[in-house]
Amino acid sequence: MIKDYQQQKTLRDGYDFCIIGAGPAGITLALRLAAAGWNVMLAEGGGHEYSPHSQGLYQCTSTGLELYAEETRLRYLGGTSNHWAGRCRPFTPSDFAIAPPGDLPGWPIPYSEIEGYLAAAMEIVDLPSGAAFHAMNTGLSGGEFEPDRFLLSPPTRFAQKYATALNETAGLDVFINCNCVDLEFDKASGQVMAAVVSDYDRHRQRVQARHFILATGAIENARQLLNSETLLAAGIVDKQGLTGCCFMEHLNIDMGTFILKSDQDKEMRQYYTTDAFVAEYQAGKGNVTAALLSDVQTYGRTAEVKHFLENLACDMGVASKIEFFAKFSCPGDGVIGTMIEQFPNRQSRISLLDEKDELGVAKVNVNWALSDTDRHTIKCIGTELAKQFADMDLGYVKLNDFVYDTSVPLKMAPHAHHMGTTRMAASPEFGVVDADCKVFGTQNLYIAGSSIFAKGGASNPTMPLLQFAVRLADHLNEKLKSATGATV
Amino acid sequence: MGKLTLCTALLGRRGFLQSCVLLGVGGAVFGGGADVARKPVEKTGYVVINGWVLPSQYFRNEQA
Chain A
415 MIKDYQQQKT LRDGYDFCII GAGPAGITLA LRLAAAGWNV MLAEGGGHEY
465 SPHSQGLYQC TSTGLELYAE ETRLRYLGGT SNHWAGRCRP FTPSDFAIAP
515 PGDLPGWPIP YSEIEGYLAA AMEIVDLPSG AAFHAMNTGL SGGEFEPDRF
565 LLSPPTRFAQ KYATALNETA GLDVFINCNC VDLEFDKASG QVMAAVVSDY
615 DRHRQRVQAR HFILATGAIE NARQLLNSET LLAAGIVDKQ GLTGCCFMEH
665 LNIDMGTFIL KSDQDKEMRQ YYTTDAFVAE YQAGKGNVTA ALLSDVQTYG
715 RTAEVKHFLE NLACDMGVAS KIEFFAKFSC PGDGVIGTMI EQFPNRQSRI
765 SLLDEKDELG VAKVNVNWAL SDTDRHTIKC IGTELAKQFA DMDLGYVKLN
815 DFVYDTSVPL KMAPHAHHMG TTRMAASPEF GVVDADCKVF GTQNLYIAGS
865 SIFAKGGASN PTMPLLQFAV RLADHLNEKL KSATGATV
Chain B
-2 MGKLTLCTAL LGRRGFLQSC VLLGVGGAVF GGGADVARKP VEKTGYVVIN
48 GWVLPSQYFR NEQA
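Protein sequence lines, in the order shown, are assigned to chains A and B.
So in this note's numbering, the last spot in the first sequence is 902, and the numbers never skip.
So in this note's numbering, the last spot in the second sequence is 61, and the numbers never skip.
Don't take every hint at face value.
To be verified - Here's a subset of chain B near chain A, in silico, CB distances under 8 Å, partners left out:
no.	residue
1	Tyr43
2	Val45
3	Gly48
4	Trp49
5	Val50
6	Leu51
7	Pro52
8	Gln54
9	Phe56
Stated by the list, open to error - Heads up, incomplete: computed chain A residues facing chain B, CB under 8 Å, no partners named:
no.	residue
10	Tyr472
11	Gly670
12	Ala804
13	Tyr810
14	Val811
15	Lys812
For the record, the hints were derived by calculation from the structure and aren't laboratory data.
Glycine included, every Cβ here is placed at the ideal spot set by N, Cα and C.
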């Protein structure tokens, strides 16, 4: 049943699970746990639709790269799935097997831990059962770039698709306009005793449950942990520790332009780095998309481009030829965009300000920062792609200077893929949650969503985070069955 | 753009090398693991001129 917490504030005496955040991860967990027979409360801060009032609570300051942190998230039922583009590409074993450069480890679990949940995640986002992730084009010949393989979800809007289930699943109470403003932790028992929720008039109430799950996105998950005075006092969360650290995005780099040889197919090409590329250059992964400009598609190439190709091959003397290319300036035939992996680094983080929002929750500052290893990844992907583009006689690439010269300030945009702020690790020295997504030092506080990602890879995060959500639902169902001796 | 603008009158072999970024040495600097597929030996080197990544074979001066 979906209830509006502004008007209906009657809670059950105690829930088995209290889930904060009704985006893809929260909705998936709520429906699975309720279907298994447990009493579940799902609290969503926003309403049924977008509202500036709710969305305004996502405002935050930035001391790092421009993230568009307010615009890229959506604070209402269904969460950010309400503007999801639907692209799905699964993680691969190497995402889990290869540690990132630096002093932070990669995933503490092998890929096989989530591989078995791929089919369930595909079903959740309306991908055909058993469908292969297909390629649009062939790879490049050097063995470093294979064709990218992906499927497109319709895309699934979780609030719409699962509206009936959210309303009718027995044991499930969904509250909209119900904002989590605190987590009350008891150090002696190691338990979160209650989540404090509030309507928009600051009427507060304690929600008691046996287990609590944060599923509010990478910025808000860390914000909720850092905002809890009792978690801080108990030493579960440390403002200078890993909670909020390692904020990762996917890097949308304007690599440059390209000229396509006249006998080549004009369709868009999408490539993906191979494991051999990652091993050879000790770099991250990435998707590269080469797309023709619409004018070139419609009207054909310009005379300048023809002149470029003629001059490259002609015998005009080295000096004159270099002078020609040094001064050559034209848009080319197309542009090259990317979705590149960012490695975890401690300087890229969210932290809380002293100032509180209207509900009394500390506001957020985001310091999105890249490291030298990320610039290395960008440079390697750009230069190697350009070389192999020419090697295969497809054409020639003009890289922007910030791609191959790391001393030039980078120009890029985010992809709205927020990850890593409550990273999974084998020990609290390197992360916030354990292999079961449970916050270190607690007995009953779990995290869902891409904030648990120890590495981001270059796969779109929605489908993989659903694999983790289904895995977590299975784990919690088994845990509670064992604890209660229940046969559900 | 200005970084790689060339002056033809002063351009010789030294100027060529200063004005271009030689690519194709990444594999030598960053050795790959022995158990991964290796790419074939490169057929040609590349230079970067004004951002354009071009085969160096087009810029060989037989007299130099």
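Would the hint on B:Val50 be counted as holding, given a Cβ-Cβ threshold of 8 Å to chain A? 4 Å, holds
Does the CB of B:Gln54 sit less than 8 Å away from some CB of chain A? 10 Å, violated
With 8 Å as the cut and Cβ atoms as the points, is A:Tyr810 at the interface with chain B? Holds - the Cβ of A:Tyr810 comes within 8 Å of chain B, reaching about 6 Å at its closest.
Closest C-beta approach of B:Val45 to chain A relative to 8 Å, hint status: 6 Å, holds
Have a go at the B:Pro52 hint: is there a Cβ in chain A nearer than 8 Å to its own Cβ? 6 Å, holds
Please verify that hint: A:Lys812, Cβ, nearest Cβ of chain B, below 8 Å or not. 4 Å, holds
So, B:Tyr43 near chain A? Judge it on the closest CB pair being under 8 Å. Status holds, d = 5 Å.
Does the CB of A:Tyr472 sit less than 8 Å away from some CB of chain B? Interface hint status for A:Tyr472: violated (38 Å vs cutoff 8 Å).
Can the hint on A:Ala804 be confirmed by a CB-to-CB distance to chain B that is less than 8 Å? Holds: closest Cβ of chain B sits about 6 Å from A:Ala804, inside 8 Å.
Would you settle whether the hint for B:Leu51 is holds or violated, based on the nearest Cβ-Cβ distance to chain A being less than 8 Å? 6 Å, holds
Quick check on the hint: A:Gly670 CB to chain B CB, less than 8 Å? Since chain B brings a Cβ to about 6 Å from A:Gly670, closer than 8 Å, the hint holds.
Verify the interface restraint on B:Trp49: the C-beta must sit less than 8 Å from at least one C-beta of chain A. With a closest approach of 5 Å, the B:Trp49 hint holds.
Checked against the numbered hints given earlier, this structure breaks hints 8 and 10; the rest are met.
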